[in-house]
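Novice: Listed here are the chains, written in short residue letters.
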Amino acid sequence: DAKTTQPNSMESNEEEPVHLPCNHSTISGTDYIHWYRQLPSQGPEYVIHGLTSNVNNRMASLAIAEDRKSSTLILHRATLRDAAVYYCILPTSGTYKYIFGTGTRLKVLA
Amino acid sequence: GAVVSQHPSRVICKSGTSVKIECRSLDFQATTMFWYRQFPKQSLMLMATSNEGSKATYEQGVEKDKFLINHASLTLSTLTVTSAHPEDSSFYICSANDPRTGRYEQYFGPGTRLTVT
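From first to last, the protein sequence lines are chains G and A.
Residues 1 to 110 in the numbering used here are what the first sequence lists, from first letter to last.
Residues 1 to 117 in the numbering used here are what the second sequence lists, from first letter to last.
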């Protein structure tokens, strides 16, 4: 299973952009990169996913390095409601299994 | 979007009793459901993969006789914690995969907090 490495925690000021990095140096050519976030006492919530090209949706943007060994989740304007643990996941090919790493706990300062 | 529900949201039981947690996909058919456990301040740990109509596949170190999983229909999977003990107290989360998308997104339930006294 391809592993991911994320910083344990990050802080951001409200209304400012946040860049959450993820390293996945053992990624294979067919591995998708998924991002989820988890608010306290809730199940994880899908944020975004991509394969090779950068992706945008209403929640965030995903920037994928050219060699695909790293990616960055971008929240364009952080709000207090974005405070959560963000997980970068590479689903196990063929089994759909998710192996969660430690994730990044994002703290948003008012 | 795809919605997954869990019932109950919270349960308290006495040591030695069994508890059943339900996971339902509300607006899609889920051939595969997953069960996770999460202790305070820790990440989610995959317990087992539940496939409709077949036996669940348990991760290494998870006792299959203690955590009974049934996936009898395309919209329902159940996790039964048998002979629960205080160390089984945890946040249990299920997720489901929507095969219609042909992709790997999982849709997560809101979780069930189990407290064993």
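The set of hints was computed from the structure by calculation and includes no laboratory data.
A few of these clues could be false.
[What the hints assert, rightly or not] Okay, the calculated beta carbon distance ranges per label pair:
| hint | chain 1 | residue 1 | chain 2 | residue 2 | range |
| --- | --- | --- | --- | --- | --- |
| 1 | G | Pro7 | A | Glu52 | 20 to 26 angstroms |
| 2 | A | Glu63 | G | Thr92 | 20 to 26 angstroms |
| 3 | A | Leu68 | G | His19 | 42 to 48 angstroms |
| 4 | G | Ser28 | A | Pro40 | 29 to 35 angstroms |
| 5 | G | Thr5 | A | Thr117 | 18 to 24 angstroms |
These numbers were taken from a predicted model, which means no experiment stands behind them.
Just so it is clear, CB atoms sit at the ideal spot from N, CA and C, and this is done for glycine as well.
Novice: Would you mind marking each hint as holding or not holding in the structure?
Specialist: How the hints compare with the structure:
no. : hint                                       : result
1   : Pro7(G) with Glu52(A): 20 to 26 angstroms  : violated, 38 angstroms
2   : Glu63(A) with Thr92(G): 20 to 26 angstroms : holds, 22 angstroms
3   : Leu68(A) with His19(G): 42 to 48 angstroms : holds, 43 angstroms
4   : Ser28(G) with Pro40(A): 29 to 35 angstroms : holds, 34 angstroms
5   : Thr5(G) with Thr117(A): 18 to 24 angstroms : violated, 38 angstroms
Hint compliance for this structure: hints 1 and 5 are broken, all remaining hints hold.
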